[in-house]
Amino acid sequence: MITEKHEARGACAGENMNTSIISIRHLCKEFLNVTPLKDVSVEIKKGEVISIIGPSGTGKSTLLRCINLLETPTKGEIVVDGVVTTDKKCKVNLVRQKMGMVFQSFNLFAHKTIIENIMMGQVDLLKRNRQEAYDKGMELLRNIGLADKAFSYPDELSGGQKQRAAIARTVAMEPEIILFDEPTSALDPTMVGEVLSVIRGLAGQGMTMMIVTHEMKFARDVSTRIFYMDQGEIYEDGTPEQIFEHPKRERTRIFIRQLKVLHVEKISRDFDFPAFMTRLEEFGRKQQFSQRQIYAMQLVVEEVLMQKLLPAAGEAEERDLSLDVEYSERENLAQMRFSYNGPSFYPFGEEEDLSGRMIKGMSKAMEHKFVDGMNHFIISI
Amino acid sequence: MKITKTQNGNSLYLALEGRLDTNTAPELEASIKGSIDGVEELTINMESLDYLSSAGLRVLLGAQKIMNKQGSMRVTHVNDTIMEIFEVTGFADILTIEKA
Ligand SMILES: Nc1ncnc2c1ncn2[C@@H]1O[C@H](COP(=O)(O)OP(=O)(O)OP(=O)(O)O)[C@@H](O)[C@H]1O
Ligand SMILES: [Mg+2]
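Those protein sequence lines, which keep their order, are chains A and B. Residues are numbered in the working numbering as their position in the first sequence, beginning at 1, plus a constant of 345. Going by the working numbering, the residue at position 11 of the second sequence is 1; the numbering climbs one at a time, nothing skipped.
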C-alpha cells in the first residue's frame, strides 16, 4: 500500500465484496531461484482498465498467470467474482470461463480456419450450437473488419490480423475480465495500432481488463489505472496522470523518466547511422511526435553528427560524444543535447552553411555552451 | 533509396523513393553523372521521397549546375516537409519546383 487513500479504498472493498471483481490478498509466488511476487494485495473493480508496466522480470506476467491459474501461487488468496480461486477445490474451468487471456503469440490453432478457431470454445465450453457460435463469431469478425478472413487459416493472416482474431475468440466466450500479456510485442510496428484500437474499443464497451504493455501512450490514454511493478510488489498504483506525471516513489520516477529520454553514448565514426535513424523514429512515434518533428530530429542528428561532429572528431584523438533526446510534453518540445569534450567547438561556425541553415530553419532554438571542458550543443524542436 | 531511371531521347526522368541522405546521396550522384551527357531535360520526381538532408541537396545543386549549361531541370511532386527544406535553405529560389 502506498498511500492512505489506497488503504481506505482497499478496506472499503473488503467490506463489500460486490464492488471488487478480483481481490488479491498477500499473494506470493516463489520460483526456485526468484520470488517475483513477494506480497501483492489489491482490489480490482468491474469496468476498470488497468495497464501493468514495469521493468523486465518484475513479475508482470507471473501476476496475470496467477490470476488465470496458469501458475499456482505459493501463498495468499485470489478471489474472482466471488470464487476463491486459490482454494484447492476451485473448478479451474469455471474460473477460466470468467476470464479470457490474450498472449503475445496469438495461440490460434494453425490447422483450423479463423471462424473455427472462434467457434471451438463456444461449442465445447459454452455448449452453444454451431450456428449460434458461427453467428456470434461472424458478428465479432465484422466488428473488427475481419469478416473476409473467416475462412482463411491463421498462416494467411498478418500478425495484426491474427492478434485481432485471437481477441475476437476471447471475446466470443463472453468473459467478465480479459487479461492481456503484451498483446502487441510480437508485432511489426505498423500493425500495433490496429490491435490497440480493438482493445480500446473493448475499453469503451466497459470490459474489465488488465493489460501488460510497453505501449505507454496507449496505457495512458486507455487505462483508468496503472500498476507499476517492481521489487516483488505493485510498487505504485495510481491513475495514469499520477503515475506518468507525478510518480511518488523513486523507482517509478526513474522508470518513467527513462521512457521520455533517449540516450546514446560513445558515438564514434563506426556509429550505425541507419539503425539510429530507425531508433529515433520509433522513439518519436512512441512519444506521438508529428511526422515533421520526427523528420526534424533525424535531420538534426544527420547534419550535426554526420556532417559536423564526426568529421571534426577525426582530428581529435579521444572524443567523448553523446546524445540525449528528451521530450517535454508541457511545451511539446523535443530537446536534443549533444555533449562532447573540448576544445570549445560550435558546429555551425561563423559562416552559415547548408547544414546550419537547415537546422536553424527546422528548429525552435539553438544553444551552445562550453563548461569544464565539455561542449553542450542543444537544439529544441 | 530506390532510383527509377527512364531515358527518352534527350530527356532523363528520375523517380526517387525512400531516403536521400548521407548514405544514399552518392548513389544518386553516380546515377546522374552516368546518364547526364547530352540530356536537355532532367526531371526528378520526389513523390515517394520521405527524407532529404544536406547531402542530398548538394547532389541536386550539382545537377542543377550541369543542367544550367545544357538544358533545364525540374523537381516535381515535392511534399510539404521537403518543400520546407527547400525554403529554409534558399533552394526554392535556385531550383524549379512543382509541388505535389
Ligand atoms: N516458470 C518459471 N520458473 C522459474 N522462474 C520463472 C518462471 N516464470 C518466470 N520466472 C522468473 O520470474 C521472474 C518474473 O518473470 P515474469 O515473466 O513474471 O516477468 P515480467 O515482468 O513479465 O517480465 P517481462 O517484461 O520481461 O515479460 C523472472 O525472473 C523470471 O525469470
Ligand atoms: Mg512478461
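The set of hints was computed from the structure by calculation and includes no laboratory data. A quick note: this is a predicted structure, and the numbers were derived from the prediction, not measured. There's no promise every hint is true.
To be verified - Ranges between beta-carbon positions, derived for each pair: (1) B:Asp27 x A:Gly538: 23 to 33 Å; (2) B:Thr(-6) x A:Pro656: 46 to 56 Å; (3) A:His713 x B:Asn0: 45 to 55 Å; (4) A:Glu627 x B:Glu37: 17 to 27 Å.
As the list claims (entries may be wrong) - Derived coverage of chain B by chain A (criterion: at least 3 residues anywhere in the stretch with Cβ under 8 Å from a Cβ of chain A; other residues may be distant): (5) 7 to 21; (6) 55 to 67; (7) 76 to 88.
As the list claims (entries may be wrong) - Not the full set, but computed from the structure, chain B residues with beta-carbon under 10 Å of chain A: (8) Ile26; (9) Glu30; (10) Asp70; (11) Thr71.
Backbone N, C-alpha and C define an ideal beta-carbon position, used for all residues, glycine too.
- Task: List in ascending order the numbers of the hints, as given earlier, that are violated by the structure.
- Result: 1, 2, 6, 8 and 9
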